[in-house]
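K.L.:
This is what each chain is made of:
2 protein chains.
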Amino acid sequence: MSTIINLLKPLLYTDRYSNHEDMMVPPVEGVAGGGTAYGWDDGLHDPGLLGGTIDPTKVPSAELMHVWCMPSTANVGLQDMPRQYEPISLLAARNERESVQIAIRPKVSWSASSVAGIVHIQCSDLCSASGDRLLIDKSITLRRVVPVLGVPDALVPLDLPVSQISLLAGETTAIWLSVNVPSAQPPGLYEGELIITAKADSESLSQILGKAEKQQLYRELKNCLDILEPIDGGKPLAEAVERAKSATTSLRRILVSPSFSDFCIDNGPVDMEEDAISNFSIRLKLNLTVWDFVLPETPSLPAVIGISDTVIEDRFGVEHGSIEWYEALDRHFKWLLQFRISPYFCRWGESMRVLTYTSPWPADHPKSDEYFSDPRLAAYAVPYNPVVPSGDAAKNYLQKEVEILRTKNHWKKAYFYLWDEPLNLEQYNAIRNQASDIHAYAPDARVLTTYYCGPNDAPLASTSFEAFLKVPEFLRPHTQIYCTSEWVIGNQEELAKRIVAEIQPENGEEWWTYVCLGPSDPHPNWHLGMRGTQHRAVMWRVWKEGGTGFLYWGANCYEKATAASAEIRFRRGLPPGDGVLFYPGEVFSLSHQPVASVRLERLLSGLQDIEYLKLYASKFGREEGTAILEKTGMYMGPECYTHDHTPIDAMRGEVFRTCRS
Amino acid sequence: MSTIINLLKPLLYTDRYSNHEDMMVPPVEGVAGGGTAYGWDDGLHDPGLLGGTIDPTKVPSAELMHVWCMPSTANVGLQDMPRQYEPISLLAARNERESVQIAIRPKVSWSASSVAGIVHIQCSDLCSASGDRLLIDKSITLRRVVPVLGVPDALVPLDLPVSQISLLAGETTAIWLSVNVPSAQPPGLYEGELIITAKADSESLSQILGKAEKQQLYRELKNCLDILEPIDGGKPLAEAVERAKSATTSLRRILVSPSFSDFCIDNGPVDMEEDAISNFSIRLKLNLTVWDFVLPETPSLPAVIGISDTVIEDRFGVEHGSIEWYEALDRHFKWLLQFRISPYFCRWGESMRVLTYTSPWPADHPKSDEYFSDPRLAAYAVPYNPVVPSGDAAKNYLQKEVEILRTKNHWKKAYFYLWDEPLNLEQYNAIRNQASDIHAYAPDARVLTTYYCGPNDAPLASTSFEAFLKVPEFLRPHTQIYCTSEWVIGNQEELAKRIVAEIQPENGEEWWTYVCLGPSDPHPNWHLGMRGTQHRAVMWRVWKEGGTGFLYWGANCYEKATAASAEIRFRRGLPPGDGVLFYPGEVFSLSHQPVASVRLERLLSGLQDIEYLKLYASKFGREEGTAILEKTGMYMGPECYTHDHTPIDAMRGEVFRTCRS
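Top to bottom, those sequences are chains A and B. Number 758 marks the last residue of the first sequence (my numbering); no jumps. Number 758 marks the last residue of the second sequence (my numbering); no jumps.
The shape of chain A in the complex, shown without the other chains:
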């Protein structure tokens, strides 16, 4: 019960009746008796319709539903109440994706079925005054926000140009609209509209033939056939005419039957899309300013994200190393690249030994070159052992791989991630040994190590944090990328400076960070149920602290299942959403296309924010590039960042204003 009561708390009358001296406020009906009065109206609600069945083709859709807009950082829940509609006005750079949400909630029910009503959503191209266009089939996507564990999270694609959704009584539905601006898009103001139309059941249901009706039709047509079939040259003409007349009559009767009443027998079938929009539709203006900045194709900050191959193997029933397995990994890799992240596949061994690899093919395979050369990929993991074991010994394999890769231009993106969070001397030594092997073949190879503490059986210092600080000194030269948990820093931002002070960038060392089950609320992370700005702030934090890369352990780490469409269960012991940034499309439809979470979209937005901040810093210096976070009220620290979207637009607007050419 506590959950339900908590859920309703904001709605509950807060007076406590423990004090008998208090006067109760009794329910008042029919008079203006304050908040409890009947007929109290906030001006948003009353549909102004009279009783009886509602024909949505004869009523403005705006009388049937509330429509309002919400920023991409809002978590729009089923119980969210309507707000005033304000027109959508977006700013985007070229090669940027910008998103906004449209919330819809029925005022009445107009459907005979168990839904409140059916709605068609249509989006136009966005056009500039000079005739340039952003095409709906190329640059605009509409997705329905679907709750996971009751929290809006999964973004299930809708059809374009017209999508049909069902509204439920008493529930708010959110639509996630994204515009992907191509790199070559001419800057300017683009305008378009989103058209929302309530539909009658008949337009979706009785335009189709039911089974019984179809059966009847089948019988009648079969009957026509039986009449016509005997006509041949051996029969008298009179019989042939008789039979033809009879069949003609039957056919005519069929064609004027209610089954085909939509189609005018004289003028032929009407165009099907003609009536998709009507004078009663709700039309939302969509304004987008595209500016001349082009987000760099290769992300400035590598964000490497783990994809569990084990999960793919189990869920999609593909055998490690099979053709289907390569195809499944390829699908994932290509889909994930759109989020400005650098995927690596991984499988866990004993004691957190990990096998990580961005390409499942060997270095000399053309696909590996294709993957590693992709300008959207900022970093790639090279496996220490062969991913798909073959005749070669592992040792030879590593040498061969490294010797091939280090001759390539993309070698600067390569890293080796060998162990996840070593905890004791044995594990630290395993990293040293592997790293020695690697550096023997390529002294300039980058080894990445994630950690949040020193070895627990050989303390490097008297306190846990001091020991943690000493890890670079302890591991050097066996690690180049020191990747630490944000959880260690907690709320003490000054600790970041102490970590940075231990790193030797002059020797090619870098400091990266990661989040996983920690830090938890109120710190930025990607757990389900956190605020939208909290999700986006993960990257703001990285920018402010000065890390040069980011790692996340898993984007598809659901609990085990052996069917693609099996329900998504989060792993026990982890906060919901941890290790899960997208869902298999099969859970929501027959599509094999993965379904992004709003958290993955906010990760992308955060990475895009970094490009804005970097542009600003390139013009005004690093100091101003972090000061703007505070100036706009966007991000002050891990426990102090905006809950509201406005400062984000303020930051972006400021960069636009000061950096456009």
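Everything labelled a hint here was simulated from the structure, so no lab data went into it. Don't take each hint at face value.
Copies of the same chain look alike in the list, so a pair counts if it fits in one copy or across any two.
As the list claims (entries may be wrong) - Simulated pairs of lysine to any residue, SDA-like, Cα-Cα distance not exceeding 25 Å:
#1 K342 - V353
#2 K155 - G414
#3 K657 - Q601
#4 K155 - L687
#5 K332 - T346
Given chain A, work out where chain B should sit, using these hints.
P.N.:
Same frame as chain A, now just chain B:
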């Protein structure tokens, strides 16, 4: 955010990371590393299916969904997790309704559409060994539990014998099954089953023709017609044959097209219901013991429940006094009688003056006699003023009404409810004046007054509670039914005895109680979000405290709306659900039948519990009749009652064991 975080709290990892000395438990994959390990299994989940598209006609439905049973006092939320299935075994008296819930949650998605899958639910008759039956179309109802403000509440009827529901990925759906045992039903053990079958999309969707397909079919048939029409006696036979052959070919092509592939051209159409059940269906055994006790047709405890006529008028667009208005009220009255309650219609005047009436017709109208004589009605309200004003003066009206009614057998059910919660001398005096008028015409008339305090401008005692206690002395002889708020008693049950001590049953006085916006959690009431046993305990409390009747101010007191299907909004300032026990059917479908809330069903169950307790008390005495509440752990006091269903079954089982003949 706090709402969402609260919602997830039971799911969140509870460790706090504030102490940096703590070791984090890192995510472990692929090894048995405790709770966070991949592949950890609770034995309930794994569907054991291989990847690829799932054909539900070829897989046991049990591999596609979890099905389990829950008692009627459980609030089964969308996020509820599966439990072990335990067979349903119910006990019911004759003339009793007993309910149980069946929860379904998909393990996988098998539909191409946005739902996880379509499910057919079929219920058989319940049969006894001696051949007696409880028929599905008469005695069994299936309803879908629909959330209101996120809390399971509305019970939307499903079709019988086969209903189709859509399951959503990651959501639990609850079905509310009720058995209504007729008074004449022979006692015995009745057995039946509930059959749940996953359906392919094709069984619901491709068996119907889509609009495009239909348009194509229309074109082809039109073409046939164009070929056949010119055949007449004036044309050569060869042309007629040619044309007939061409049409025959077209028709044959149409009939073997995929549109009609379901129908076998040789054997004729197949039976549509044949494949409703398959070997792959889930079959739930349903056992019901009907015992020889017949719940009295007239409820032992009158529970009078207000229905706002104003709300009916506004929402259904019916004018006060019109034919449609009488029809709307009649529909409500008849529907509500099934819940063992005695409805009264009401409208509020100034200062909480109320006009209450059970029949909208005058006393001499046959419908009034029909209403008041209905054995299911335990009490009826007589209006002080004419409900639909006519030529008669109000004064004459009252005299005429009372003189007609007091000659009737049903006069003992009559009461006058004049004022809701008088607060000052003026209001108390208004009641005295009206009551004097009534008693002038009928000295034995019962006047009911609701109150929770004495007049605030003439304190009857030095403390608020003592003043409240003195109201009977103050109002006598102008009130017979002293109806007090349960909120006044709070947690101090002994106060009930002090109230009772002030009542003079020897002079026809009674003590009734009511709940409204108070008392609030944890006390029993009917607010949304309270526990199921908390809803049902409202009546347990009445039984234990010894009141002889109960009043509730409103069952349809939504916020104002002027369309039947307008969204339901609770009135501002009231706890959600207060004053709302059912919903207009139009909100959920085109049905005009009201939709009960689970809270209304629990009110009915509570009233049925009272009949069990009364039977027990009639055999073992009133003291044992309240002791059994404590003995079974069902109800100890307003803050201490069972959260679990088991004690309810224990009480009912004990009454059955000791009182059956």
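K.L.:
Kindly indicate which numbered hints from before are broken by the structure, ordering the numbers from low to high.
P.N.:
Hint 3 alone not satisfied by this model.
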